[in-house]
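Undergrad: If you want the building blocks of each chain, they are given just below.
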Amino acid sequence: GENVEQHPSTLSVQEGDSAVIKCTYSDSASNYFPWYKQELGKRPQLIIDIRSNVGEKKDQRIAVTLNKTAKHFSLHITETQPEDSAVYFCAASLAGGSYIPTFGRGTSLIVHP
Amino acid sequence: EAGVAQSPRYKIIEKRQSVAFWCNPISGHATLYWYQQILGQGPKLLIQFQNNGVVDDSQLPKDRFSAERLKGVDSTLKIQPAKLEDSAVYLCASSLGLADTYEQYFGPGTRLTVT
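Top line first, the protein sequences correspond to chains V and F.
Note that the working numbering has the first sequence beginning at 48, numbered continuously upward.
Note that the working numbering has the second sequence beginning at 11, numbered continuously upward.
If we strip away everything but chain F, and leave its shape as in the complex, we get (with noise of 0.2 Å):
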C-alpha cells in the first residue's frame, strides 16, 4: 500500500513568514496526527485529527499554528508567523482509527529551516 506523503520536504523561510505543509494519508486511515520533531528529540504531538474532527490540539500553539483535516482526508499545517525556534522537522502520521488498532505510520517530513 502507498505509505503517508508529505509536500514539501523541505522548506527554508525567513522568521515571520508563512509556510504550509501538506500532508495525504494512507488511504482509509481515520486518524492524523501532526508532530514537531526537534533535533536530538522525539515527536512532539501537536495536533490529531479522527476523520475531520480535533481530538487533541493542547499542544498547538494556536497563536501562529493553525491545521485543518477538510473531507477527512488530506491535511495542510501552517504556521504563521515563524519564529526560529520553529525550525523542526513536521511529521505526519496516519492509524486506521479502530478500537484496539494504535500504530501509527510516518511520513518522511517536512525539514523547516527558519533563518
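Here chain V stands alone, though its shape is the one from the complex (with noise of 0.2 Å):
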C-alpha cells in the first residue's frame, strides 16, 4: 500500500517568513495529493490539492509543487501570519474509482508575531 513520509514535524518561523512542508510517496500510482489544515480541537480543511498532470499550483500565499519522478510534493505558505498556525497534513491516493487517501503524520507549523 502507499506510505507517506512528511517532514518536518514542526516548523517555527516567524511572522512574514516564508514555509515550506515536505512529503515524499511510495506508491507510483498515486494521482492526487491534497493538503489539509487543522486548527487546535478543530476539523481538518482541504487548502489546497494538485493532481498528477500538473507540476505546480498556487492560491493567493499558498502553493504546492509535485515532482513525480521524484514522488515528492510540496506546500509553500509565503507571507506567513499568526493565523497559519495549525498542523498541516499531506496525502496522497490513486484516484479514480474510488479515492483512498493515505495521510502523513503532519506538521505543526507555529508562526511568531
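It cannot be assumed that every hint is accurate.
Said to hold, decoys possible - Pairwise CB distance ranges, derived in the manner of DEER restraints: (1) 118/V to 69/F: 21 to 29 Å; (2) 126/V to 125/F: 43 to 51 Å; (3) 157/V to 69/F: 26 to 34 Å; (4) 24/F to 48/V: 31 to 39 Å; (5) 62/V to 113/F: 26 to 34 Å.
It should be emphasised that the hints constitute simulated quantities derived from the structure, not laboratory data.
Where a beta carbon is used, it is the ideal one built from N, C-alpha and C, also for glycine.
Both chains are sitting in their own frames, so use the hints and assemble them into the complex.
TA: Quick look at the structure:
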C-alpha cells in the first residue's frame, strides 16, 4: 500500500517568513495529492490539492509543487501570518473509481508574531 | 450547507466496555469515511462506504470494530470491547463520490478516552 512521509514534524517561523513542508510517497500510481489544515481542536480542512498532470498550483499565499519522478510534493506558504499556525497534513492517493487517501503524520507550524 | 455531524463529541469508557459513534454526512454525499486519529499522527482510514456498500475496510480491526451505513446515509462505528490503544479522535468525512471530485469534508470528531 501507499506510504507517505512528511517533514518536518515541527516548523517554527517568524511572521512574514515563508514556510515549506515536504512529503514523499511510495506508490508511483498515486495521482491526487491534497493538503489539509487542522487548527487546534478543530476538523481538518482542505486548503489546496494537486493532480499528477500538473507540476505546480497556487492559491494566493499558498502553493503546492509536485515532482512525480522523485515522488515528492511540497506545500509553500509565503508571508506567513499567526493565523497560519496549525497542523498541516499531506495525503496521497490513487484517485479513480474510489478515492482512498493515505495521510502523512502532520507538521505543526508555529508562526511567531 | 450543513456540515458533517458527529456525536458524541467526547466519550470516556473503561477498557473492555463498548462504545458507538454516529455520523451524519452532508446531504447528497455518497461516500463516507471513518478515520482514527491518534494524538500526533495523521488520520488513518478505518473504513470507506460508497452509498451503503463497503469500498475498503482493510485497516479496520474487525475483531473489535464494526461499522454500518444503513440506507446509505447515516453511519455508526462500534468498538467492542475497547482497548487502551483505541484512545483517539474518530473522524467521519464525506464526499460527493462523483468521478473526478475528491474533496473530503470532515466532521468535528469524537474524542475517545479508554481508561
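Undergrad: For every hint, state whether the structure bears it out.
TA: Okay, the hints, checked on the actual structure:
1. Checked against the given bound of 21 to 29 Å, the beta carbons of residue 118/V and residue 69/F, roughly 22 Å apart, stay inside it.
2. Look at residue 126/V against residue 125/F: about 45 Å separates their beta carbons, and that is inside 43 to 51 Å.
3. Roughly 31 Å separates the CB atoms of residue 157/V and residue 69/F, a value that falls within the hinted 26 to 34 Å.
4. Distance hint for residue 24/F and residue 48/V: a CB-CB separation of about 33 Å, consistent with the stated range 31 to 39 Å.
5. Distance hint check for residue 62/V and residue 113/F: the Cβ-Cβ separation is about 29 Å, which falls inside the suggested range of 26 to 34 Å.
Checked against the numbered hints listed earlier, the structure breaks none of them; every hint is satisfied.
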